[in-house]
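Enquirer: What follows is each chain in one-letter form.
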Amino acid sequence: MPNFNIDAKKDMTYDAIVVGSGMSGGWAAKELCEAGLKTLVLERGRMVEHVKDYPTMNNESWDQELRGAIGPEDRKKHYKVVRTGFIGENNKHFYANDEENPYTEVKPFLWVRAHQMGGRSLLWGKQTYRWSELDFEANAKDGHGVDWPIRYKDLEPWYTHVEKYAGISGEALGLPQLPDSHFLPPMELNCVEKEVKQRLEKEFPGRHLIIGRVAHLTVAHNGRGKCQFRNRCDRGCPFGAYFSSNAVTLPAANATGNLTMRPFSIVDSIVYDEKTGRASGVKVIDSETGEMHEYHAKIIFCNASTLSTTQILLKSTSSRFPNGLGNDSGELGHNLMDHTYRVGAMGNFEGMEDMYYKGRRPNGIYIPRYWNIDEKTKSDKFVRGFGFQGGAYRPGWGGGANMDGFGEEFKDSLITNPGPWEFFITGFAECLPYHENKVSLDKQNLDKWGQPTLAIDAEYKANELALNKQIQEDAVEMLEKCGIKNIVGFDNKHEMGYGIHEMGTARMGRDPKTSVLNATNQVHACKNVFVTDGACMTSNSCVNPSLTYMALTARAANHAISELKKGNL
Amino acid sequence: MNRREAIKNTALLGGASILTGSLFSILQSCKSEPRLSWKPSFLKAEQAQLISALVDTILPKTATPGGLDMKVDIFMDTVFAKLYDAEGQKALVADIDGFNEKCRSKFGKAFTELDKAQRTEILKAEEASSPKYNGKVWGTAVGEQKPVGFYRSMKSLMLWGYFSSEEIGMKVLNYDPVPGDYLGCVPMKDVGRVWSL
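So the protein lines, in turn, are chains A and B.
Okay, so the first sequence: first residue is 1 according to this note's numbering, each after it adds one.
Okay, so the second sequence: first residue is 570 according to this note's numbering, each after it adds one.
No wet-lab data here; the hints were simulated from the structure.
Backbone N, C-alpha and C define an ideal beta-carbon position, used for all residues, glycine too.
Among the hints, a few may not be true.
Unchecked claim - Rough simulated footprint, nothing fancy, chain A against chain B, three-plus residues with beta-carbon under 8 Å:
{"#": "1", "region": "614-628"}
{"#": "2", "region": "689-696"}
{"#": "3", "region": "706-712"}
{"#": "4", "region": "721-728"}
{"#": "5", "region": "747-758"}
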């Protein structure tokens with residue numbers, strides 16, 4: 001049973017405070033606790049304990065009156081998240097209440113929140129890729145944004161560190177643009193994916209079709225069970241087979257005896273001490289009682305998620321920082337990025353009707369970036385690049401509504417014939433950091449705790465739209481050359497936020513005049529405040545970011561520990 | 570499905586009672602104006618009869634249970650009552666009226682009163698004229714979805730109701746709640762029937 005801090009008066013001082021318990025906060029807690037630091041994790045939502053608080057993990061559709069769908073009341077409560085198509089009866093309790101947590105879309109922006117212990121680490125897609133040297137050099141080379149203060153070699157040991165503990169499955173390929181992780185055995189491609197891989201790699205030298213690299217255990221690892229291929233991850237996994245804070249990092253932190261978790265804790269602000277030039281602690285509103293408490297610590301890690309972290313920093317004003325903690329540069333809140341989403345192509349693979357698969361693989365294929373990786377692949381239409389996710393499957397009865405026919409034969413065929421193979425790929429393109437893509441505090445619109453909300457004002461621009469155009473052209477061309485039939489290219493023209501890869505708004509950089517954080521994720525002018533969630537990102541690559549948040553967090557936490565030992569913090 | 574397969578499946582389902590039931594339902598579905606044996610939450614009795622008749626026509630009882638055996642019409646009524654918003658409910662009522670109107674103008678009768686050949690003719694025409702659902706990627710339809718119309722949306726809804734029901738999901742389809750492994754290339758004949766989940 002974890003330590004809880006409910007009686008606020010008892011224990012107000014810790015060695016470290018971690019704000020947020022998701023993907024990166026869990027890692028901060030684990031590293032700090034294991035180094036012997038008494039650590040308080042603040043979480044604005046409720047407690048979710050691994051397995052115990054996964055009430056729907058074994059539900060079948062027929063257990064529910066609406067077979068897993070949600071009605072108008074839930075749709076209203078989650079009126080932002082319903083746009084994703086991901087929310088249903090079995091996972092709705094892991095999504096934040098959008099009505100209680102409003103934000104303003106100055107331009108359309110989908111902000112998906114998960115307010116509970118573990119945050120979005122319970123809901124993520126688990127795709128896990130290292131960034132490459134190409135990514136860390138990108139800003140410096142093409143002049144967009146500011147230069148990253150670190151390079152791949154700085155992060156490489158920390159990728160190794162987190163991978164070995166978290167457990168990542170995949171296949172090593174030696175591609176410079178997609179460095180290999182330390183892999184557990186890869187999941188299997190299905191028949192059609194194997195065939196399309198052969199055709200694609202023959203038709204398009206330099207392109208690769210691989211099984212997705214994912215934070216799922218394909219063998220038992222560190223006391224956690226292997227994936228059972230139920231594909232019910234977003235309900236919480238009773239086997240602990242995918243990486244989440246709840247299953248992996250928080251239990252490890254808790255095992256040290258140094259962890260205290262305080263759920264229902266909304267951070268009002270980080271308190272800056274003018275005398276020491278450091279943050280002295282954090283003001284917290286108890287979301288249940290409305291009472292304000294102040295906790296103290298030597299170091300503070302901000303891991304509330306990209307936009308929430310920036311919201312907290314913007315709210316943390318003092319005479320030294322009138323525009324938000326660490327905002328000397330004026331860049332706090334700016335350079336918001338996300339990956340473009342839902343552009344690609346789909347069609348039918350003809351043949352192999354006698355083949356099927358067994359198990360529900362929570363993973364698909366990946367086609368790593370192949371544009372702008374060297375002189376030969378340089379585009380004159382855009383900078384940066386994109387990768388594809390996708391897969392082949394047979395629709396089963398789900399394809400029945402589009403099939404011609406009804407009656408006896410029709411019904412029976414749906415029981416015995418899983419339908420034609422379908423194949424799709426959908427791109428994720430890199431977004432450049434633009435100063436004008438920003439969030440700001442909206443002091444006119446307060447939430448139910450009296451806190452200023454966020455106004456989000458961001459959009460994709462010419463480079464992202466050019467990338468999306470290329471994604472669709474390439475997707476259609478690849479499917480054609482691979483013999484896929486009935487090809488439909490698509491571009492849903494989704495606004496930012498749909499990628500659920502928000503990054504930036506408190507970027508790392510070499511120069512305090514143009515960035516918020518230094519090379520070890522410390523606020524330039526307030527060194528005992530660390531930001532290691534997506535807010536810190538200086539650029540956004542085209543690969544999924546979570547692994548990089550984990551590695552940056554472990555690296556920064558170990559830097560903090562070493563600085564504390566030296567007496568520098 | 571040929572007869573041999575039908576018998577095999579019936580054996581798997583463990584009962585000759587299903588065949589008896591099947592004959593019974595064929596007899597029943599020939600009767601016009603069946604009395605409603607359940608109380609709808611949203612639909613009026615006449616509308617409910619239409620939905621039941623559509624379910625029975627599209628998913629009739631064979632060697633495997635029919636849509637009415639799985640109470641798919643009742644499930645659809647629940648969906649109309651609890652999932653549809655007011656606007657959707659209004660549109661549904663208009664669609665039902667429109668569909669009945671088509672039947673009346675063609676055959677002078679409501680759908681529930683049509684014989685099998687007439688029902689087939691009407692539904693084939695609907696089938697041919699209704700746009701299809703766009704493909705989906707991870708829960709999101711790709712591209713811009715044209716309205717699929719009454720027939721196809723009802724067909725979609727009843728397939729959902731039928732295949733997500735307990736008996737079909739656990740006993741008719743291939744139910745494997747904890748597969749344990751993923752095997753990417755398995756002969757269809759070794760799997761036998763479509764996976765339930």
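Enquirer: Please go over all the hints and tell whether each is borne out by the structure.
Expert: Hints and how they fare:
Counting residues of the region 614-628 of chain B whose C-beta lies closer than 8 Å to any C-beta of chain A gives 3; at least three are required, and the coverage claim holds. Taking a C-beta to C-beta cut-off of 8 Å, the region 689-696 of chain B contributes 3 residues in contact with chain A, enough for the three needed, and the coverage statement holds. Interface restraint, the region 706-712 of chain B with chain A: holds (6 residues with C-beta to C-beta distance below 8 Å; minimum three). As drawn, the region 721-728 of chain B meets chain A at 4 residues by the rule of a beta-carbon pair under 8 Å; at three or more, the given contact holds.
For a cut-off of 8 Å, the count of residues in the region 747-758 of chain B with a CB near a CB of chain A stands at 12, and the three-residue condition holds.
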